[in-house]
Amino acid sequence: MPRLVSHPDEVKIISRRFGQGATDIDKYIELDGYKAVRMAIEKGPEWIINEMKASGLRGRGGAGFPTGLKWSFVPKQSDRAKYVLVNGDESEPATCKDHVIFLHDPHAVIEGTMIAALAIGAKMGFIYLRGEYRYLLKIMEKAVADAYAKGFLGKNIFGSGIDLEIVTQTGAGAYEVGEESALMESLEGKRGVPRIKPPFPAVVGLYGGPTVINNAETIASVPHILLMGGEPYAKVGSERNGGTRLFGISGHVERPGVYELPMGYNLKKAIYEVAGGVKDGKALKAVVPGGSSTPVLLPDEIDVGLDFDQMGKAGTMLGSGGIVVIDESVCMVEFALRTIKFYQHESCGWCIPCREGTDWLKKSITRLHAGGAEAKDIDNIRYLAENMLGRTFCPLGDAAAMPTIAFVKKFRKEFEDHLNGKGCPYHPSIDREPALV
Amino acid sequence: MATEKTTIFSTETAARFDRLVTLYPVKRSALVPMLLYAQDDLGYITPGAVAEIAQRLDLRENDVESVLSYYSMLRTKPAGKYNLQVCTNISCMLRDGYGIYEHCKKRLGIGHKEVTADGLFSLEEVECIGACSWAPAMQVNYDFYDELTPEKVDVIIEDYKAGRGKETV
Ligand SMILES: NC(=O)C1=CN([C@@H]2O[C@H](COP(=O)(O)OP(=O)(O)OC[C@H]3O[C@@H](n4cnc5c(N)ncnc54)[C@H](O)[C@@H]3O)[C@@H](O)[C@H]2O)C=CC1
Ligand SMILES: Cc1cc2nc3c(=O)[nH]c(=O)nc-3n(C[C@H](O)[C@H](O)[C@H](O)COP(=O)(O)O)c2cc1C
Ligand code: SF4
Ligand code: FES
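As you go down the protein sequences, you meet chains P and D in turn.
Under our numbering, residues 1 to 437 are what the first sequence spells out, in order.
Under our numbering, residues 1 to 169 are what the second sequence spells out, in order.
In case anyone wonders, no lab produced these hints; they're calculated from the structure.
Possibly wrong hints are sitting among the right ones.
Unchecked claim - Chain P side only, calculated, beta carbon under 7 Å to chain D, not exhaustive:
hint: 1; residue: 93
hint: 2; residue: 99
hint: 3; residue: 135
hint: 4; residue: 189
hint: 5; residue: 248
hint: 6; residue: 250
hint: 7; residue: 338
To be verified - In silico BS3-like links for lysine-lysine, alpha-carbon gap of 27 Å or less:
hint: 8; chain 1: P; residue 1: 155; chain 2: D; residue 2: 27
hint: 9; chain 1: P; residue 1: 138; chain 2: D; residue 2: 161
hint: 10; chain 1: D; residue 1: 106; chain 2: D; residue 2: 166
hint: 11; chain 1: D; residue 1: 106; chain 2: D; residue 2: 81
hint: 12; chain 1: P; residue 1: 138; chain 2: D; residue 2: 166
hint: 13; chain 1: P; residue 1: 123; chain 2: P; residue 2: 150
Built from N, CA and C at the ideal position, the CB exists for glycine as well.
Assemble the whole structure, with the sequences as input and the hints as a guide.
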């Protein structure tokens, strides 16, 4: 069971109810639950969207698109039914934040979904969890059933005359299905191959209807925003980056865990103070700041604020908020190899630069790690990755290429140390041909 | 809708399927969850399961097979009664996920996607399972085990052998 952690620098907004038994609907109500949705009904869609815009909340799935703006793109009039879709596919390596939300505060996800539905005029919402999260799906299913039993869902919710259904859904193992349009395909009972954008889901989404799709954390933040007010929420964060976010810190730190920190919080402090510093007093070698697809940072690059804009300026991305701390003992070529193996395994195969590119990158880095490469192979790896950028159908190709380029650029010396039959200087005996097929 | 008389699934699963198809604007939306629940019921997706699901959703068997082959959790061969899925992705790797995986291999005497002779256990190296901050982690069927050590793994295996393991379905 995920261990809960705590640090004085945390600002507990979304994690306020964690560890307090809020899976129980009565407990949730006691802790201000289902108040925000009543306010939302009373004050109407325009007010909701304005509060969301004022909150500065940006998508916690990783791309950081302003949530209020996204909702405002949904056409008011539509011949087709509108939907709200919660993305709980959480598959980016190093990301485990939605996990704790489903575990500790399932009703916040439901209430957020309801508010999103009210804002855009949807009568149906779906909460999609990755297939591996069965025990969390059961928690969500029970929460949904309890909400129906109280009359919060179904016909005429809270006596408003509005009908609202929520259905929980499960995937069955596929990273690519986290991409929003692939997720819609999956929810329509198909292979998880992405759709071309535009049109964006806000205009043409699930079953062809206008659809708001948001990450589970984005949605779970919504009731808190309405309760505290959009502007006060925005003020907790940094410029253009409202509120707080759950950061999953993992790897070589003393106190790994999921911590709620204000947007813009310093990354170095997050590692050294919040997570207790590098494990066993070792030296820091590198940090992958926002899930495995985000470009790696060197120790002298981590004095930077954790928000979408500052991370962008630092040449990387805030991504999914999964911070991976890597100590001096790690072979960065092996780390790069494990990273690319994942993307190669998960490429849906639809477009050639991604399907072939990830495969060649995996093969080249495997060979290099084993000592069978020459100097020009290092350039070839980088050249291949650079040529994938922007040439794929969905961003999975970029997700594979970006970290690879950064590994080669920033740890070139380590790549060179493997050349000419020398093999890995860190773990000479390791033979890790991927078993994953 | 009444439960199909000729179903190959357990009464519980069949009833679940009857309900699932009513939840969506389009019946086909039930396909991915149905496949997963079918697997939970039968151990793997049998040709019979494909046929019945196709029939329930008014699809061709081909359509079902095409979807089936896309998702990594779905299998067309039996696994062990307890399927150990050890994550070796980056956060786990940094905390000896590979050591845990190797330990499982030795302990069970099987490799990736293999099944023990008694059919009790199977093993898989898997990608990130969303337990990175509690690494290294694995799942046994749907149950999570985290902050693993080889000793903890031994206890978990013994518990399942003795019929004392957790079982979420
Ligand atoms: N949480 C996780 O497990 C994972 C997260 N990611 C993240 O996913 C991100 C890429 O996701 P994408 O959805 O491809 O990014 P995107 O930038 O294309 O879109 C972000 C969101 O804004 C919406 N949007 C963008 N422009 C719009 C417009 N003009 N009108 C209406 N809506 C608009 C999109 O529909 C989407 O919901 C990466 O940054 C990565 O960090 C990637 C893998 C896994
Ligand atoms: C390959 C790929 C995988 C993705 N996986 C996820 C995911 O697991 N969870 C998620 O919320 N967003 C994921 N996304 C991002 C979604 O496409 C989308 O941007 C997000 O769900 C929008 O919600 P937000 O605005 O609240 O962040 C993924 C994107 C790509 C390209
Ligand atoms: S970029 Fe990769 S995952 Fe995305 S559509 Fe192309 S092959 Fe599929
Ligand atoms: S990397 Fe192993 S659970 Fe995420």
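Hints versus structure:
1. 93: 4 Å, holds
2. 99: 5 Å, holds
3. 135: 5 Å, holds
4. 189: Holds, because the Cβ-Cβ distance from residue 189 (chain P) to chain D comes to roughly 3 Å (cut-off 7 Å).
5. 248: 5 Å, holds
6. 250: Residue 250 (chain P) check passes; min Cβ-Cβ to chain D is 4 Å, inside 7 Å.
7. 338: Because about 6 Å separates residue 338 (chain P) from the closest Cβ in chain D, which is inside the 7 Å limit, the hint holds.
8. P:155 - D:27: 22 Å, holds
9. P:138 - D:161: Holds - the C-alpha atoms of residue 161 (chain D) and residue 138 (chain P) are around 25 Å apart, at most 27 Å.
10. D:106 - D:166: Holds. Residue 106 (chain D) to residue 166 (chain D) sits at ~23 Å (cutoff 27 Å).
11. D:106 - D:81: 18 Å, holds
12. P:138 - D:166: 15 Å, holds
13. P:123 - P:150: 18 Å, holds
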